[in-house]
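*Asks:* Take these sequences, add in the hints, and give me the full structure.
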Amino acid sequence: MSILDMTACQLAAAIKNKEVTVLEATKAVLAQIHEKEEKYHCYVTVDEEGALAQAQEVQKKIDAGVLTGALAGVPVAIKDNMCTQGLLTTCSSKILNNFVPTFSSEAVLNLQRAGAVILGKTNMDEFAMGSTTETSAYGETKNPWNTEHVPGGSSGGSAAAVAAKECFYALGSDTGGSIRQPASFCGVVGLKPTYGRVSRYGLIAYGSSLDQIGPLCKDVTDCAAIMEVISTHDKKDSTSVFREDTDFTSALVEDVKGMRIGIPRDYFGEGLDSQVRDAVLKAAEVLKEKGAVVEEFDLSLVEYAIPTYYTIAAAEASSNLERFDGIKYGYRAEGYEGLHDMYKKTRSQGFGAEVKRRIMLGSFVLSSGYYDAYYLKALRVKALIKKAFDEAFAKYDVIIGPVAPTTAPKLGESLSDPIKMYLGDIYTISVNLAGLPGLSMPCGIDSKGLPIGLQLIGDCFNEKKLIQTAYTYEKSRGVFGRKEDR
Amino acid sequence: MAKQYETVIGLEVHVELATKTKIFCGCSTAFGGEPNTHTCPVCTGMPGSLPVLNKQVLEYAVAVGLATNCTITQYCKFDRKNYFYPDNPQNYQISQLYLPICRNGKVEIETEKGKKYIGIHEIHMEEDAGKLIHDEWDDCSLVDFNRSGVPLIEIVSEPDMRSAEEVIAYLEKLRMTIQYLGASDCKLQEGSMRADVNLSIREVGAEEFGTRTEMKNLNSFKAIARAIEGERERQIDLLEAGEKVIQETRRWDDNKGESYAMRSKEDAQDYRYFPDPDLVPIVLDDAFLDQIRAKQPEFREEKMLRYKEEFDIPEYDIQIITGSKHMADIFEETVALGSQPKKVSNWLMVETLRLLKENNMDPEDIRFSPENLAKLISLTDAKAINSSVAKEVFEVMFDQNVDPEKYVEEKGLKTVNDEGALRKTVEEVIANNPQSVEDYRNGKEKAIGFLVGQTMKAMKGKADPGMINKLLKELL
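If you read the protein sequences in the order shown, they are chains A and B. Going by the working numbering, the residue at position 181 of the first sequence is 181; the numbering climbs one at a time, nothing skipped. Going by the working numbering, the residue at position 324 of the second sequence is 324; the numbering climbs one at a time, nothing skipped.
Be aware that a few hints might be false.
Beyond 10 Å from chain A on every Cβ pair, some chain B residues (computed) [claimed, not checked]: (1) 33; (2) 121; (3) 454.
Result set (DSS-like, lysine-lysine): computed pairs, CA atoms no more than 30 Å apart in a straight line [said to hold, decoys possible]: (4) 328/A - 77/B; (5) 345/A - 81/B; (6) 377/A - 77/B; (7) 356/A - 81/B; (8) 236/A - 295/B; (9) 94/A - 81/B; (10) 216/B - 344/A; (11) 235/A - 20/B; (12) 216/B - 328/A; (13) 343/B - 446/B; (14) 236/A - 81/B.
For each label pair, taking beta carbons as the anchor points, the in silico distance ranges come out as [as the list claims (entries may be wrong)]: (15) 117/B - 244/A: 48 to 54 Å; (16) 418/A - 242/B: 52 to 58 Å; (17) 339/A - 371/B: 52 to 58 Å.
If you're looking for bench data, these hints aren't it; they were derived computationally from the structure. Glycine is no exception: its CB is placed at the ideal position from the N, C-alpha and C atoms.
*Replies:* Here you go:
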């Protein structure tokens, strides 16, 4: 097997067995980046020198027996909204075009402690606002399955980099589907953990009450291994929760006998592409054959998720993005007169259209006289959505459905109609509103040759049930990948 | 007859809490570091940083709330107040609007007109901003974030005060309560206590409130009193001239004795307050409140009553000593070490107050220890030093907290108790001052004072004046 075809866990095992060195693996993936970046543009920044240096350091520690974990020595890509000490971190925005953090995010530190080699920072929708990675100020990322299509977003660079073998796994962040949807569009596995499972310290916030960091990877085994490394209680993040159930690899068991699986009818209505629907239902059938108890149910409130999400996320974003003012770091406009003109010009020039749209939307819903009607009401609906899921999880272990209504759209089709783009988030955002874990994995290929995603949703902190179900399905489904790789 | 006006005043008081570290990060709150040395990613608003609440802030805020008879909000939250300014690193301040930590309190004040309650609308916790320094030379502004994130509580009163006298009494009451709690040193001049005055006037007997203004930049009790008088007159003049008071924020210039408008209500910003999603709601159970309650100190009123019963010292002394928690602590600890209360009180009331005044210091700044004061008192009790030497030693002790026993030993200041040596000196003084001796013998009692002084001078101050007196009288 060539190095690039290995999963993260396979590579780590090969390194451990001295079949491959960390440097060889790093050089191999850097060569792949050199070859493919022009075509896919997964990265904003590739840190070749840093990666090679880290590779040698990590190898020493592996040889010394200091690093023994399941991911030691494996090169990883990091979404560009996670701070990396000494390495440019832009959020794919012009306003952070020169921002080099003085500290690394906790999730990245956890990976480094486990012996990861950081390859660079992946492209994304600007400040994670978008579903296609086209709102990046540094150019669009292309879907490795078909370069005329988007990779999804906002973690499109991370998903595409995994699919294009420009890394062995990647970190993304998910506020309304930003890990799961690009994972679905690029045919890889992505997990949005329970809110509070992974520290947000060092993640440049979009919607603080919804943001969560998670893995994008080649298979469910890698997903479990990465989760074990990044799930730690962090005192620097007040919303981080202490949990003992972080032994995710123990859930890599091929068994769903008696597992109660619910299929929300509301997720299979109008707007869902028939090929996506068929593939998802077929996956449910597979699980049923494996012994799961599968039944349909009514989740309710699904139609309220999108307005609720865009009210809350935009409100938080409008405040979170205030700190980008040109004073302390980042881009500052030239030729301003006085403080307020500097703010105005810097932010007008530094932010892209989608970011400005959400800042305006968020400022509006928080403004005096509208706060109760929009923001407070949205918080109440959010609580109701959580309640609907609580009721569902009283009956089911796992809920399954599609990740997105369609497979990856063509480049340039989405941005002209933002409402349509927002509607594409319908199956993913409720999960963020309710703080639940959600896993996306490939379950088929449509007639255009694009991958279809299956979404598994669990109750809070029930990632292990998702992993067990996903692992069982993956075993039945068999190896999944692009034709050129098979 | 001219119309009679009543002044209606409410206060917003900011108090800087005496925590060692900032409200949402581990940086030091120490005053006076080099610019931007007490900073980290959190208090400079770096992307990706997150706030974590300092528990001590919560404890102080609850302690102040309990001491001012507030209802404690047992499910409370922090909110973001959004506004752009360079001293505000995130461009939002973390504060409390919707669920402040304390509500519906009251404190009793006493003025010449008698006792009265002043209502407290709420107390909330928030972070301080950084400081802007304008560099005229380079024509630019610099930001120092050392103050950014220093914990504050804002105590908002009801509009219950009617005069400057009541305002000062209320502020004194707050200051005393908070100092007793150790929650802040409450120094107006240094800005650890800041008061904004909301003032309106109305005709006596009217029920409706008039339009109010808010006055800022009040750095002393005197400035507050002057600002209240000035603003009352300004508003009366406006109304008498048939004009309207405009709701606005004004800045007091104490040197000129007048205020000027900073911004009107029309310019008021929409702060777009909303709950800070980075901080989880704070749930305070009864056990936590009981714990804080159990730790509440004896406050001034209780202390005064106890002193009256326990110590034989004048009421006036009690008032002054209990007027500072620090001074009261020194008093009590010194007495506990065995010194006579009256003597301890005398040292505090006379020499200590004099030196504080001369050095422009507050009682909170007293540095000498109760142990050293007790030693000094026992040295004088034992007549090991005389009173003028004791004062001299006390000055050094006040300044450097020296051990008086060691100091007296080292400097050789002990009273000479050798009667033979003293008698010899007295004889010499008598021989050298025939005029005074004659005056005394002729009935001029005062003349003996001169002779005592001369003897003391010859003894370099190290003699017991009583003994000199005795010897003089004997030899004359």
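*Asks:* Each of the hints needs a verdict: does it hold here or not?
*Replies:* A quick look at each hint next to the structure:
1. 33: 19 Å, holds
2. 121: The assertion about residue 121/B holds, with a minimum of 20 Å to chain A.
3. 454: Holds, since 73 Å exceeds 10 Å.
4. 328/A - 77/B: 28 Å, holds
5. 345/A - 81/B: 23 Å, holds
6. 377/A - 77/B: With a Cα-Cα distance of about 18 Å, the restraint between residue 377/A and residue 77/B holds, given a limit of 30 Å.
7. 356/A - 81/B: 20 Å, holds
8. 236/A - 295/B: Holds, because 29 Å separates the two Cα atoms, which is no more than 30 Å.
9. 94/A - 81/B: 26 Å, holds
10. 216/B - 344/A: OK: residue 216/B and residue 344/A at ~29 Å, within 30 Å.
11. 235/A - 20/B: Cα-Cα ~19 Å, so holds.
12. 216/B - 328/A: 28 Å, holds
13. 343/B - 446/B: 28 Å, holds
14. 236/A - 81/B: This hinted pair holds, its Cα atoms lying about 22 Å apart.
15. 117/B - 244/A: 48 to 54 Å: 52 Å, holds
16. 418/A - 242/B: 52 to 58 Å: Since residue 418/A and residue 242/B have Cβ atoms about 55 Å apart, the given range 52 to 58 Å holds.
17. 339/A - 371/B: 52 to 58 Å: Since the Cβ atoms of residue 339/A and residue 371/B sit about 55 Å apart, the hinted range of 52 to 58 Å holds.
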